[in-house]
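4 protein chains.
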Amino acid sequence: MKSWKEECGVFGIWNHPEAARLACLGLYSMQHRGQESAGIVTLKEGEHIHHKGIGLVSDVFREADLARLGGQAAIGHVRYSTTGQNLLTNAQPLTADLYHWPIALAHNGNIVNHDMLRSDLKERGSIFQGTNDTEILLHLLSQHRSSDLVAALTDSLVKLEGAYSLVIMSNDKMIAIRDPWGFRPLVIGRKKIDETTWARVVASETCAFDLIGAQFEREIEPGEMFWVDEKGEHSKIFSHRERRAHCIFEHIYFSRPDSIVFGESVYATRKQFGRQLARETSVEADLVIPVPDSGLPASIGYSQESGIPFELGIIKNQYVGRTFIQPTQAIRDFGVKIKLNPQTAVLKDKKVIVIDDSLVRGTTSRKIVSLIRQAGAKEVHMRIASPPTVGPCYYGVDTPQKSQLIASKYSVEEIGQYVGADTLGYLSIEGLFQVMQSNSKTITKSKYCAACFDGKYPTDLFGLDEGDAK
Amino acid sequence: MKSWKEECGVFGIWNHPEAARLACLGLYSMQHRGQESAGIVTLKEGEHIHHKGIGLVSDVFREADLARLGGQAAIGHVRYSTTGQNLLTNAQPLTADLYHWPIALAHNGNIVNHDMLRSDLKERGSIFQGTNDTEILLHLLSQHRSSDLVAALTDSLVKLEGAYSLVIMSNDKMIAIRDPWGFRPLVIGRKKIDETTWARVVASETCAFDLIGAQFEREIEPGEMFWVDEKGEHSKIFSHRERRAHCIFEHIYFSRPDSIVFGESVYATRKQFGRQLARETSVEADLVIPVPDSGLPASIGYSQESGIPFELGIIKNQYVGRTFIQPTQAIRDFGVKIKLNPQTAVLKDKKVIVIDDSLVRGTTSRKIVSLIRQAGAKEVHMRIASPPTVGPCYYGVDTPQKSQLIASKYSVEEIGQYVGADTLGYLSIEGLFQVMQSNSKTITKSKYCAACFDGKYPTDLFGLDEGDAK
Amino acid sequence: MKSWKEECGVFGIWNHPEAARLACLGLYSMQHRGQESAGIVTLKEGEHIHHKGIGLVSDVFREADLARLGGQAAIGHVRYSTTGQNLLTNAQPLTADLYHWPIALAHNGNIVNHDMLRSDLKERGSIFQGTNDTEILLHLLSQHRSSDLVAALTDSLVKLEGAYSLVIMSNDKMIAIRDPWGFRPLVIGRKKIDETTWARVVASETCAFDLIGAQFEREIEPGEMFWVDEKGEHSKIFSHRERRAHCIFEHIYFSRPDSIVFGESVYATRKQFGRQLARETSVEADLVIPVPDSGLPASIGYSQESGIPFELGIIKNQYVGRTFIQPTQAIRDFGVKIKLNPQTAVLKDKKVIVIDDSLVRGTTSRKIVSLIRQAGAKEVHMRIASPPTVGPCYYGVDTPQKSQLIASKYSVEEIGQYVGADTLGYLSIEGLFQVMQSNSKTITKSKYCAACFDGKYPTDLFGLDEGDAK
Amino acid sequence: MKSWKEECGVFGIWNHPEAARLACLGLYSMQHRGQESAGIVTLKEGEHIHHKGIGLVSDVFREADLARLGGQAAIGHVRYSTTGQNLLTNAQPLTADLYHWPIALAHNGNIVNHDMLRSDLKERGSIFQGTNDTEILLHLLSQHRSSDLVAALTDSLVKLEGAYSLVIMSNDKMIAIRDPWGFRPLVIGRKKIDETTWARVVASETCAFDLIGAQFEREIEPGEMFWVDEKGEHSKIFSHRERRAHCIFEHIYFSRPDSIVFGESVYATRKQFGRQLARETSVEADLVIPVPDSGLPASIGYSQESGIPFELGIIKNQYVGRTFIQPTQAIRDFGVKIKLNPQTAVLKDKKVIVIDDSLVRGTTSRKIVSLIRQAGAKEVHMRIASPPTVGPCYYGVDTPQKSQLIASKYSVEEIGQYVGADTLGYLSIEGLFQVMQSNSKTITKSKYCAACFDGKYPTDLFGLDEGDAK
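Chains as they are written, first to last, in my numbering: chain A, 2 to 471; chain B, 2 to 471; chain C, 2 to 471; chain D, 2 to 471.
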């Protein structure tokens, strides 16, 4: 069984009288990073209080829960899980009452050598509660003899390989850690309380700061451990790597468009992807339409660069529930139709460019093209604001196996035929990095992990890719 | 106590083996017309089966419910209710086992003389179950001696004044009725079963037909009663009025942009409102941004007409739950912020035109303007793609009392100061009707009810406006 | 379709600051009379507030419900229903906002001519909401022109035939009514508030008075209408019949043993049945054991009369849930075993007399006898503390059809063989009435309805027995 | 904070195609031993499947759960917990996927040296999930290097002091263990499948065997480890103590009357306690009545010995829910009244002996005496079928602190005055042991722990009694 891991969002706040409430709001603004479970742990008079649940943040946290959580510091987590079982056991933050301190831990990423580490720890007598790779760090800390948490972390982290943006809380400090590659985002800011005091906040994305009225300061550096305690603030680099491996997909799809990620506006980057796509794959057409909502910023960029009018040719149903009835007598293309309705009034007899952020399996794109044609479009030109996806992610993103990635097997032309478009165009890898570079003079290609596009995984994969090799 | 009524959506299907399922999907696509309760009644071997519940369509109907409903014909209803009590009692379709036939009834609109009719009926011994104005028609039918439903309806409808788009089912026919003014939309179409057979469908909006793969044919005419039974299809005009009173607000806000309403594409109309608004209220600016999602089509039109670039300056949180925690220590403008986040990366140092579909109380607009300024905009020009709202609606729309409509008391300039915009501009009433006319040569100003803008109510109000007069 | 009706319990309280709460407790103590639904209606400043729900009283009423109910007067109802559908619609008290007054109505009994009355009312235009026979009275009142509720009731009640113990509340009075036969019990009492004031209470059984600390005064007389309003208390006999028809089964099984019913202690009566049974059906044995809990009082009486020791030979599982898993690989006599466990330590090698209150179908008795034998009993003598059940009840009790009553087809000897007992003995009808007479000098055989034993139904049955005749 | 532990019931079955279902029924019959949570773990093709939940067995296990559990072997647990928090985390069976085998563990009892062991294990790096003393054994096994579970258990059990009846399952065996004192019951039996095959079953009480149709064979011996695997059955004595310490309270109150516990019928023992009580505390009276249901067997014995008639003077409400509303305006003695109703018809003007199994705080007895007097009794003589309770239990029973045990502070005469009885009588300690001895020639006083009556705790208490000493 392959171990597919998940996207997550983390949050932390230190020294605020409404810590639990603000943590809740911070998680709420990062709901797009994980919808399966949510949790918060607070620090209240030296003790940890926690509340976790299955579902959306707004379902999991009620006023009574927040009142019980209280506290002057809090860390939180939202999680998207692919495994049906043990949802609550694996929900984060993970907590344990270790010999020296209580500890709570929220993790975004994936430890690629977790199988090996887990087996070692079990042989030494550790009892694992869940199947979560994050639990390994708890046991490494528990096995460590030192009463100095920062020392124990420093020793433990060197054993981990992979992606980890962590927010950790003990009985007297909050710690933010980013792996040496900097795969996943982690930002730091502050929220003013009064003229002389402020709270320290950390989050996966800056949109969390916007909602709670905090100011973004900087990213936690790759390989940095940053902590706050009664004595003040501290930072150290626990590991150094020459290159970075920021996840390029955060800019393509994961992050909210209103976040600043790896130093760049996501919305601006996506629009630039659209502009670059227009330059690379121009075609004569009457309209540019987005696949809502993922293709929206790129299609605005495409329209502005090409001068072809931007229209809402596909309307999204605002009330799509999680599960819903299936028609036993198939309505054609039902699965997509329940969410998206291409409108004849806009599309009839038109040459249409339809833009999405990425194309993974191709099944949904195929249905969208079909629906646009049923609405009367004369020509359908599909444009994808990222390169062909050829490899799975092992750094904390839920992706299909390689064999299910259509671009790992077929040419762009073949994919175009499969989805039924008159033409299909992707953004080139060169174009992608050109956008990232032109955005900021200081960022070079070597700062990003684009393994899903170019297959160059920055770390050893410890056999995680074996299933795909077959 | 004033009797504020609600928006609703109705649906009906006759002669289809998956009647319940398609009714469910039809309601699902019209969820925007009512989110409080949903219900379906089917006709199964001459008997009515019903299922109603509080909540969204996807919550109310489970597979087991649909299996139980079965049937070859079905009518359904979604409802938005403002009164907390007796939600389920008032949920529609209403049903009754009358002496001559079982009857089920789904209603969109509001009977303005319902208080008087109800009092009469009670004096004659009728027992009312809910506070719903629709129940009146049930009792009028029950009191009627005839076993001919069409005759009983014809006699009963003449007693009703106001707005009613009705779908009714007995043990042997389905009937669609629209009031003589044509206040609310009601369309008719057909869904193909095989080469020679098709099912008859009616719905409030054409988007319901799109989802189930049915074809739109025409509107039910104002004053028309249309019915299907074993013998075939029938239509008669039960009442005639010289003018129409189509609700202009369906085009401004209520209907889904991908629907065809009163013969016009809603999306196209809204874009035209935006273009006309640009012509009437031009101002120098760097960007046009919509208030998501209501201002989206108009802002595309405004941008196209003015040539000022369209941008997504405000990002909407996709996971807004119905109820959520409130910060005890106020985060500034929290109520709007939880839904909408203006992004600094787009707005900083820019002259911004922000567009919404309408402005009712002004409180939300004021917060939005404030948030845009906090994001660094240099100038904020608010544009409203409809005229000032000066009167409540008594024809089936939930609106605030007159005293709470800011435009009923203050000038445009004063409202602009209240919301804090550098300039505020509304679409003119003349501009509004010009758009409606230019859209279609056949439609004239006199075909629309715009009482919320001009105070000209087409019917007697039977004292419903007394509370407002004070 | 035969219309089988249900057992119920009714309660009313007038002029008490905790009316809702005491009504809730009163219903709780009468939970044995109906477990499917419960409801309370209060009178609060001239208006009715109601709360009804499916389930036990302790599930249906929460503190928040009681707070909302409030009021100085309240009526309530518990109901056992055999029909799965529309449970909540049929739950009582029924309420309606009639032209002259709001009305709430709680009913125990069954109107035997309800089909005829319902058809008449529907033809005259009344719309029925449920299938409840009680709703007929609501419509009779609604059709009545008079604004005088007592007059309207007097006119309406004469049209009803059958069993009805009613508690009714309008906006200014509470009314208790018992049918002219006095089929079902209805008692009246008072609860002291302070030295000079007291509240008036009515209930199906006196155990309701015990729990709330009220004093039992007397029965509502057959054919009596008793009411309280601002002016005080009033009583009138609206109909007179020469004989009574008190339900003998209230003493045999329905009522709680600690209630006083039709003027007699239920516990004392049941013990007397046991004594009489011992006199009539003596047999040599080592032990007398009850079927818990229904046979308990009679077996104490039997033991005392016969001198044979009383033992708990069958232990009842205290945690029997409503529904529970079934073994797919049959455990022998599982259905009874899950509730009752005969113990070998008591029964082994003993001659055992086992006593139950009644024997209806015989299937359960057969399993009990079998389990007692498995536990090692040498002889099993079954004794039933009532006569053979030969007829269904049409006066508000849920009984099987005649064809399923084993005593309607087979002799005592044959039934004894079927249940597998060494001997089987019933109480004789003569013995039954002898006990009732000896209990109280004033009560004679003609005061009771024992139609289930002797087939002598006091009223016309309006065809309700047709299904049984076949 | 003192660590009060709980009563529990355990069950195990090996080699039966309906293992999960029978485990469920076994737990159901032992519901009286714990109502807070229930759980089952099955062994299915070498893997453990588990299902645990808060609530009664009939609530926790649905058909779908049993289908998922499947398996040929199963162990289960019901638990009564006094701590509100972490109910589900502490629910048993506990499970862990250890290095050598998966393990599941169900425990009845209490480890008195658990604080010391827990601290040691945490210092060595073990992470505890709950506050359950049972978790200690999991960690001792996990820390053990051997792959031989029986060896690992033998080494681990010697570290535990206190009460433990355990049922354990790995991937290839089921193990039943009883501590060397034999505090808690644990019995073994077999259930026939066909002529040549049978399943092995273990349970806390024999009533579990009765329900599933299994035969009781013998007790697991104190200090015995019994296990079944593919090779057959095995037993070894892992520890030997000269005396026994069977819990005498199992006979007085805990166990079901239809169980055989420590070789004796519980019902017979309780009746004997009643007979002995009659001999020791005779008084002239008209009636003997039990406090339902706990005083029932003893009162039958008392009546038989004394010749004073047995009556049901107090009727129990069969529908007492777990939580229920409280009257804001106090009804006198409400807390007891909601459960128990003394009936005037039986008690008025009578001299009454009322019998209960034990008297702990005295508050309930006081209310019962008061209610009996309100019902008109002339004299009330309370008799308790066990000696005065002077010490808490530390061996797996939830008891109040010593200071709350009324007999630890007051004389029998003083307690009699407090409860308001005319006379109060307890069973003597000598009488208690005389009954146990006369029951069986082989059982002597030294075989029982009666520390709650005589303060002689068989083990070191490791400071658990410190709170009480103050």
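Hints listed in this document are in silico derivations from the structure and should not be mistaken for laboratory results.
One or more hints might be untrue.
Copies of the same chain look alike in the list, so a pair counts if it fits in one copy or across any two.
Said to hold, decoys possible - Keeping only pairs whose Cα atoms sit at most 27 Å apart, straight-line, the calculated BS3-like set for lysine-lysine is: (1) Lys174 x Lys237; (2) Lys379 x Lys237; (3) Lys192 x Lys340; (4) Lys123 x Lys379; (5) Lys123 x Lys160; (6) Lys160 x Lys45; (7) Lys317 x Lys340; (8) Lys457 x Lys123; (9) Lys193 x Lys410; (10) Lys193 x Lys174; (11) Lys192 x Lys410; (12) Lys237 x Lys193; (13) Lys232 x Lys403; (14) Lys232 x Lys349; (15) Lys232 x Lys193; (16) Lys237 x Lys368; (17) Lys317 x Lys192; (18) Lys403 x Lys193; (19) Lys379 x Lys193; (20) Lys403 x Lys123; (21) Lys410 x Lys349; (22) Lys457 x Lys349.
A quick look at each hint next to the structure:
| no. | hint | result |
| --- | --- | --- |
| 1 | Lys174 x Lys237 | within (15 Å within a copy, 51 Å between copies) |
| 2 | Lys379 x Lys237 | neither (60 Å within a copy, 40 Å between copies) |
| 3 | Lys192 x Lys340 | between (38 Å within a copy, 20 Å between copies) |
| 4 | Lys123 x Lys379 | neither (62 Å within a copy, 60 Å between copies) |
| 5 | Lys123 x Lys160 | both (16 Å within a copy, 22 Å between copies) |
| 6 | Lys160 x Lys45 | neither (32 Å within a copy, 36 Å between copies) |
| 7 | Lys317 x Lys340 | both (6 Å within a copy, 18 Å between copies) |
| 8 | Lys457 x Lys123 | neither (32 Å within a copy, 43 Å between copies) |
| 9 | Lys193 x Lys410 | neither (53 Å within a copy, 39 Å between copies) |
| 10 | Lys193 x Lys174 | within (20 Å within a copy, 61 Å between copies) |
| 11 | Lys192 x Lys410 | neither (49 Å within a copy, 40 Å between copies) |
| 12 | Lys237 x Lys193 | within (25 Å within a copy, 68 Å between copies) |
| 13 | Lys232 x Lys403 | neither (49 Å within a copy, 46 Å between copies) |
| 14 | Lys232 x Lys349 | neither (67 Å within a copy, 37 Å between copies) |
| 15 | Lys232 x Lys193 | within (19 Å within a copy, 67 Å between copies) |
| 16 | Lys237 x Lys368 | neither (51 Å within a copy, 42 Å between copies) |
| 17 | Lys317 x Lys192 | between (36 Å within a copy, 22 Å between copies) |
| 18 | Lys403 x Lys193 | neither (47 Å within a copy, 41 Å between copies) |
| 19 | Lys379 x Lys193 | between (56 Å within a copy, 24 Å between copies) |
| 20 | Lys403 x Lys123 | neither (31 Å within a copy, 43 Å between copies) |
| 21 | Lys410 x Lys349 | neither (34 Å within a copy, 45 Å between copies) |
| 22 | Lys457 x Lys349 | neither (43 Å within a copy, 37 Å between copies) |
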